[in-house]
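J.: Sequence:
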Amino acid sequence: QRTNADSSTRQLFRKKLREGELDDKEIEIDLRSSGAGVEIMAPPGMEEMTS
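Sequential numbering of the sequence shown, starting at 160, is according to the numbering used here.
Among the hints, erroneous ones may be present.
Here are the in silico distance ranges between beta carbons for each label pair [as the list claims (entries may be wrong)]:
| no. | residue 1 | residue 2 | range |
| --- | --- | --- | --- |
| 1 | Pro-203 | Asn-163 | 45 to 55 Å |
| 2 | Lys-184 | Thr-162 | 17 to 27 Å |
| 3 | Phe-172 | Pro-203 | 46 to 56 Å |
| 4 | Glu-180 | Pro-202 | 50 to 60 Å |
| 5 | Pro-202 | Glu-178 | 49 to 59 Å |
| 6 | Ile-186 | Ser-166 | 16 to 26 Å |
| 7 | Glu-187 | Thr-162 | 17 to 27 Å |
Hints listed in this document are in silico derivations from the structure and should not be mistaken for laboratory results. Since the model is a prediction, treat every value here as computed from it, not as a measurement. Yeah, the Cβ is synthetic: ideal placement off N, Cα and C, and Gly gets one too.
Required output: the full structure, derived from the provided sequences and hints.
T.: What follows is the structure, given as structure tokens:
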């Protein structure tokens, strides 16, 4: 759930990005893992090959 401040910040940066205001800037983004990764099912005895 995003707060209004988070949403406002996101919209502000989206606008700046579209208008080219960030073209000469270096931006670092930290992402949180959602934990909804894809698990690969392997045949029995082959589990070590999927890691």
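J.: It remains to establish, for every hint, whether it holds in the given structure.
T.: The hints, checked one at a time:
Distance hint for Pro-203 and Asn-163: a CB-CB separation of about 51 Å, consistent with the stated range 45 to 55 Å. A beta carbon spacing of about 24 Å between Lys-184 and Thr-162 agrees with the range 17 to 27 Å that was offered as a hint. Checked against the given bound of 46 to 56 Å, the beta carbons of Phe-172 and Pro-203, roughly 48 Å apart, stay inside it. Taking the beta carbon of each, Glu-180 and Pro-202 are about 52 Å apart, inside 50 to 60 Å as hinted.
Remark: the range hint 49 to 59 Å for Pro-202 to Glu-178 is upheld by a beta-carbon distance near 52 Å. Taking the beta carbon of each, Ile-186 and Ser-166 are about 18 Å apart, inside 16 to 26 Å as hinted. The hinted window of 17 to 27 Å between Glu-187 and Thr-162 holds, with their beta carbons roughly 21 Å apart.
Consistency with the previously given hints is maintained throughout, with no hint failing.
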